[in-house]
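*Asks:* Read off the chains here:
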Amino acid sequence: MKIEILGSGCAKCKKTKEIVEQAVNEAGVDAEVVKVEDMDTILSYGVMLTPGVVVDGDVKIAGKVPSVDNVKKWIA
Amino acid sequence: MADKIKCSCESDNVGIFPCAGASNVGQLSNAIAVELHKAGVGNMMCTVGIGGRRSGLLKSAEGCERIIVIDGCPVNCAKETMEQAGINVDKHILLTDLGIQKNKDLDLETSQVKEFLSKVSEQL
Numbered sequence: 002m003k004i005e006i007l008g009s010g011c012a013k014c015k016k017t018k019e020i021v022e023q024a025v026n027e028a029g030v031d032a033e034v035v036k037v038e039d040m041d042t043i044l045s046y047g048v049m050l051t052p053g054v055v056v057d058g059d060v061k062i063a064g065k066v067p068s069v070d071n072v073k074k075w076i077a
Numbered sequence: 023m024a025d026k027i028k029c030s031c032e033s034d035n036v037g038i039f040p041c042a043g044a045s046n047v048g049q050l051s052n053a054i055a056v057e058l059h060k061a062g063v064g065n066m067m068c069t070v071g072i073g074g075r076r077s078g079l080l081k082s083a084e085g086c087e088r089i090i091v092i093d094g095c096p097v098n099c100a101k102e103t104m105e106q107a108g109i110n111v112d113k114h115i116l117l118t119d120l121g122i123q124k125n126k127d128l129d130l131e132t133s134q135v136k137e138f139l140s141k142v143s144e145q146l
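Protein chains in written order, with our numbering: chain A, 2 to 77; chain B, 23 to 146.
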């Protein structure tokens, strides 16, 4: 599973990455968590607000920091 | 390129969705959305992406604190598109209510864009 964190490196983006990593650890799933700061790549997903989370190519959230529970549902 | 994506760490995330239809008022809605975006009123987004249920656009709309929809004519395609996608519209503006008649002329006059940008801005 590939999880992409979309964002410029701002506070909410960093928090999102922490939450995703926590969810991955707690769920015990095998996932590659990648930080994406390239704006062309972010735009290619149609995301207009960051932070964003993409799981295996599907955008799960944009413009908000997710909860750990939400991330667990996406990766279950 | 970087300024096309808004970071939600900044204040108010406002999404602007024009109908961009194939008429004078549809094209005017798009031109006004562009000007509002440039002025920093909000972030212009792709209404057709909502209709196409593209996840990036849907999630970006859901991430907005306020949604402004600009329809050119009473068919209200943009408003209907948002509502069918389950996205709440906070402010709906209908250009034909502001004193313009719909026709098939797609060439916009700069003066007309300015006039209706002013009228729309008064309603926001």
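Quick caveat, the hints were computed from the structure, so don't treat them as lab data. Because the structure is a prediction, the values reported are computed rather than measured. Check each hint, because a few of them may be wrong.
These stretches of chain A come out as covered by chain B in the derived footprint (C-beta under 8 Å, 3 or more residues) [stated by the list, open to error]: (1) 8-14; (2) 38-46; (3) 53-63.
Quick list of in silico lysine-lysine cross-link-like pairs, DSS-like style, CA-CA up to 27 Å [to be verified]: (4) A:Lys-16 / A:Lys-3; (5) B:Lys-141 / A:Lys-65; (6) A:Lys-65 / B:Lys-101; (7) A:Lys-73 / A:Lys-16; (8) B:Lys-60 / B:Lys-113; (9) A:Lys-61 / B:Lys-136; (10) B:Lys-124 / B:Lys-113; (11) A:Lys-13 / A:Lys-74; (12) B:Lys-60 / B:Lys-124; (13) B:Lys-60 / A:Lys-65; (14) A:Lys-74 / A:Lys-18; (15) A:Lys-18 / A:Lys-73; (16) A:Lys-36 / A:Lys-73; (17) A:Lys-61 / B:Lys-113; (18) A:Lys-13 / B:Lys-60; (19) A:Lys-3 / A:Lys-36; (20) A:Lys-18 / A:Lys-61.
Just so you know, even glycine gets a beta-carbon here, dropped at the ideal spot from N, CA and C.
*Asks:* Now tell me, hint by hint, if it's right for this structure.
*Replies:* Results for each hint:
no., hint, in the structure
1, 8-14, "holds (count 6)"
2, 38-46, "holds (count 5)"
3, 53-63, "holds (count 6)"
4, A:Lys-16 / A:Lys-3, "holds (18 Å)"
5, B:Lys-141 / A:Lys-65, "violated (32 Å)"
6, A:Lys-65 / B:Lys-101, "holds (23 Å)"
7, A:Lys-73 / A:Lys-16, "holds (16 Å)"
8, B:Lys-60 / B:Lys-113, "holds (19 Å)"
9, A:Lys-61 / B:Lys-136, "violated (38 Å)"
10, B:Lys-124 / B:Lys-113, "holds (21 Å)"
11, A:Lys-13 / A:Lys-74, "holds (20 Å)"
12, B:Lys-60 / B:Lys-124, "holds (25 Å)"
13, B:Lys-60 / A:Lys-65, "holds (23 Å)"
14, A:Lys-74 / A:Lys-18, "holds (16 Å)"
15, A:Lys-18 / A:Lys-73, "holds (13 Å)"
16, A:Lys-36 / A:Lys-73, "holds (18 Å)"
17, A:Lys-61 / B:Lys-113, "holds (26 Å)"
18, A:Lys-13 / B:Lys-60, "holds (24 Å)"
19, A:Lys-3 / A:Lys-36, "holds (11 Å)"
20, A:Lys-18 / A:Lys-61, "holds (14 Å)"
When the structure is compared with the earlier hints, violations turn up for hints 5, 9 and for no others.
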